[in-house]
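Hey, can you work out the whole structure from these sequences and the hints?
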Amino acid sequence: MTDSLVLALVVPLAGALLVTALPAHAARIGLFSVMLNTLNIALLTLGVWQHDELQLALGDWAPPLGIGFVADGLSAAMLAMTALVSLAISVYAGDYFRDPARARHFWPLWLLLLTSLNGLFLAADLFNLYVNLELLGLSAAALGALGGQRTALEANLRYLLVGLLGSMTYLLGVALIYSGFSTLDFAQLAAQLARGDAAASGLLGATALGLMVMGLALKAALFPLHFWLPPAHGSAPAPVSAALSALVVKAAFYLILRLWLEVFAPLTTQGAANLLGLLGAGAVLWGSWQALRAERLKLLAAYSTVAQLGYLFLFFPILQGLPAGETRSNLFAAVTLMALAHGFAKSGLFLAAGFVQQQAGHDRIAELGTTLQQLPATTLTLALAGTALIGLPPSGSFVAKWLLLGGAMANGQWWWVLVLLAGTLLAVAYVFRLMTRAFGLEPTPRHFFTQARAEGPALLLAAMATGVLGVATAPLWHLLGTSGGLG
Amino acid sequence: MDAELLYASAGFILFVLGIWSLLLHRLLIRKLIALNIMGSGVFHLLIATAEHHGEPADPVPHALVLTGIVVAVSATALALSFGRALRGDGDD
Amino acid sequence: MRNSLEPKPQRSAALLVVVLLILLAGLLQWVYFTHAATAPGAGLTALAQAELPRSGVTNPVTAVLLNYRALDTLLELSVLLTAMLGIWSLGPATPGYQQAGAVFAGLAAWVVPLLILSGGYLLWIGAKAPGGAFQAGALLAAAGVIQRLGGDPRASLPNESAQRWLAIAGIGIFALVGLATLVAGRGFLDYPLAWAGWLILLIETFATLTIATLLTAAYVGGQPPPSQTTATPGMHRMQAPDRKA
Amino acid sequence: MTATLALLIFDVLMLLTLLGLAVATLSSRDPRRAAILFIAFGLWLSLVWARLGAPDVALAEAAIGAGLGGALILSAARRARASSQAKARAPTPPERTPPV
Chain A
832 MTDSLVLALV
842 VPLAGALLVT
852 ALPAHAARIG
862 LFSVMLNTLN
872 IALLTLGVWQ
882 HDELQLALGD
892 WAPPLGIGFV
902 ADGLSAAMLA
912 MTALVSLAIS
922 VYAGDYFRDP
932 ARARHFWPLW
942 LLLLTSLNGL
952 FLAADLFNLY
962 VNLELLGLSA
972 AALGALGGQR
982 TALEANLRYL
992 LVGLLGSMTY
1002 LLGVALIYSG
1012 FSTLDFAQLA
1022 AQLARGDAAA
1032 SGLLGATALG
1042 LMVMGLALKA
1052 ALFPLHFWLP
1062 PAHGSAPAPV
1072 SAALSALVVK
1082 AAFYLILRLW
1092 LEVFAPLTTQ
1102 GAANLLGLLG
1112 AGAVLWGSWQ
1122 ALRAERLKLL
1132 AAYSTVAQLG
1142 YLFLFFPILQ
1152 GLPAGETRSN
1162 LFAAVTLMAL
1172 AHGFAKSGLF
1182 LAAGFVQQQA
1192 GHDRIAELGT
1202 TLQQLPATTL
1212 TLALAGTALI
1222 GLPPSGSFVA
1232 KWLLLGGAMA
1242 NGQWWWVLVL
1252 LAGTLLAVAY
1262 VFRLMTRAFG
1272 LEPTPRHFFT
1282 QARAEGPALL
1292 LAAMATGVLG
1302 VATAPLWHLL
1312 GTSGGLG
Chain B
75 MDAELLYASA
85 GFILFVLGIW
95 SLLLHRLLIR
105 KLIALNIMGS
115 GVFHLLIATA
125 EHHGEPADPV
135 PHALVLTGIV
145 VAVSATALAL
155 SFGRALRGDG
165 DD
Chain C
99 MRNSLEPKPQ
109 RSAALLVVVL
119 LILLAGLLQW
129 VYFTHAATAP
139 GAGLTALAQA
149 ELPRSGVTNP
159 VTAVLLNYRA
169 LDTLLELSVL
179 LTAMLGIWSL
189 GPATPGYQQA
199 GAVFAGLAAW
209 VVPLLILSGG
219 YLLWIGAKAP
229 GGAFQAGALL
239 AAAGVIQRLG
249 GDPRASLPNE
259 SAQRWLAIAG
269 IGIFALVGLA
279 TLVAGRGFLD
289 YPLAWAGWLI
299 LLIETFATLT
309 IATLLTAAYV
319 GGQPPPSQTT
329 ATPGMHRMQA
339 PDRKA
Chain D
2 MTATLALLIF
12 DVLMLLTLLG
22 LAVATLSSRD
32 PRRAAILFIA
42 FGLWLSLVWA
52 RLGAPDVALA
62 EAAIGAGLGG
72 ALILSAARRA
82 RASSQAKARA
92 PTPPERTPPV
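Residue numbers (our numbering), protein chains in the order written: chain A, 832 to 1318; chain B, 75 to 166; chain C, 99 to 343; chain D, 2 to 101.
The hints are simulated quantities; they were obtained by calculation from the structure and are not laboratory data. A portion of the hints provided could be inaccurate.
One side of the interface only, derived from the structure: several residues of chain D facing chain B at Cβ under 7 angstroms [stated by the list, open to error]: (1) 35; (2) 37; (3) 56; (4) 73.
None of the values given here were measured: they were computed from a predicted structure. For each residue, glycine too, the CB sits at the ideal point set by N, CA and C.
What follows is the structure, given as structure tokens:
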């Protein structure tokens, strides 16, 4: 069972190596490794389903000397989302990068990106995470610049530099932790912090946590550190934008969540969590407002990512105030569900936007009317993804927002509900501003799909966010070990 | 004041000097030098904490720093390539 | 969007940054010293030494890099590979410098073999003394850099297809050894003690080649032109014909 | 006692030189000069690390950090200079990065 933890790293890495050595077969080998990865992650998820948690000490060296891998419900959920989204993106990319000269650059970097994502969700070691973060940052910036236009190069160079600043700050935190606690392992660190031997250790740990969260917040584009995201995500090739928005920023958020709520839980305070929530609120309002004003479809999607990441940070102050128990674990499941739903919805939205851009030759929203009316499948994708971004039933984000609302009320922190409402109204506005373009007087086209290989994956992703995740939440609750539900 | 603490202190100063230069200078090469010096500060802190008066030094931070050095050079090389592509001087 | 510093930073903004950074430095020093004075971390020296006989090498740093924390090293090589692939995706290599003078050429003829020899020595000695794959690979790469400075635009690298294989060799062997131990029922990269030293040397040898190739390719800074003789500077990379298999 | 004091003074001098090199590197306007100073900084840093009982890392920093990293930055600086001299009359400014 634990073999699948290692294979989650080795399968995409081996694919990347083969694709590097045999660029002429890049698309075939690449797609095959992504499929193999999906299969392996399915096995891994099954293992977590049965055993609650899978653990592995690499090379049989137990921490603190060695590196530990841990897959719990949260990791498995993120891994499963990554596997499905990357499979859809890969199918789409096979169609998008038809030019072999571009395909041979795309596939190895894409598989290395997948390797680093899997590693990030599994590693329980602060320094191994640093190496994974750098692998992620470098491959993401290189992928984002594949389009080759000047704006893409500029935006992604900035993304690369910001990412490096973030990882250096994170690494300083790691160095402080090692100097104080002589371990990099999550479980051992959490145990030492919970014991709370000396006040000085607490101070050192809190400073290190602050540095690490700051570095990761830069990578997760938390308002006001989001300035690099819209140009970078808006200028990348569509499959890459989808991966960046749905997976890459999510990985940094996942790490913050993991460090804040588990490893460093004894050191976090309500005030600090309120600060994260406040920044999240800023992101919701500012991101939604900018999405409403965006003139290009991909820029709208990118700003909406800023806003949706903000929602994820709203959970921190509420989770912080709740004692351990059912309400709290339900809320924890809700933040996971929110992250998953956004991952599916946003990747679907970006893939659809890329197809629209290819068909229309541009993505200026004001002039998209006739194009959208000829693409019923893509229009449906946009509508489904929009439903999830707004948080209407039956999307996964509706369930998540509902639980967030309940948690905020139970906690007496009603002010977050105002942010939630304002963000939702703004999301309604920007989604409807887009959708009104799709309904005109043109005759209905005969074919639902214009190009199934490009439109199918996007539609499936959006349907996953809105249909499946909202209705069938029970498996997720089980995976995360909560009773869940809307009770 | 202890020599080990002095060494650690230099690491913090290098880190902060690096951020300062990164934020205030616009030339790509200077930004990259700044990032590298920031990194050197962190590495230096790790090396300083590995040293324990006379006893053999802790090998784990040393290995972490070795890894970090290679990662930093990789990132520098990639960023410089971006700069070259932006300037579009493939033929000097 | 541009909520950060503008091209010519305002003097007040620059001052604010400086003040904040001084505060940050002060905070870090204070926190670190308070902690080091009361409860310094013991480090892992003793543990690393105690397990050294089980690691297959006698240099503790090599033991950490290739045994205790081998996964870090595997991923780090992947980072280097990513950098090279990213550089290649950004365009073709620039032509090298002009042909060097006789003095430089004469110097290079001495220095390059010396670098290669010391690289080999560092690789071998890494098991028991300071040295190892990274230092050895860097020396080999330095030999390549000197070749390029001497006027060889490819810095002695082979053709693109061979470069691709060299670039993955070290990572591939590393992963294959891991898979072999996994198949043998021991777990990923859990070397049998009797073989550990040799497996580490095998991995390090290929890693040295890979590191040298990747670092040199990064210095050359671009994808090798499809064919050495027909390198046209104006050729756009997106239209580059796909002729390498 | 005097031996420890001498050692302390030696350490302080090592560190002051290191920090001086860092400040000089970071504050020099000419990229070429900055690159050369950066190499000097890296080599000095490797000496400091050798003093701290880290010969492996010192070797790697000298070869990879200062050596190859420095060579990369230096050649980029040289190229930037060459291209800015070639385009001396053209209005294009030297390459800038977007604000971080």
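Hints, verified against the model:
1. 35: 6 angstroms, holds
2. 37: 11 angstroms, violated
3. 56: Violated: closest Cβ of chain B sits about 9 angstroms from residue 56 (chain D), beyond 7 angstroms.
4. 73: 6 angstroms, holds
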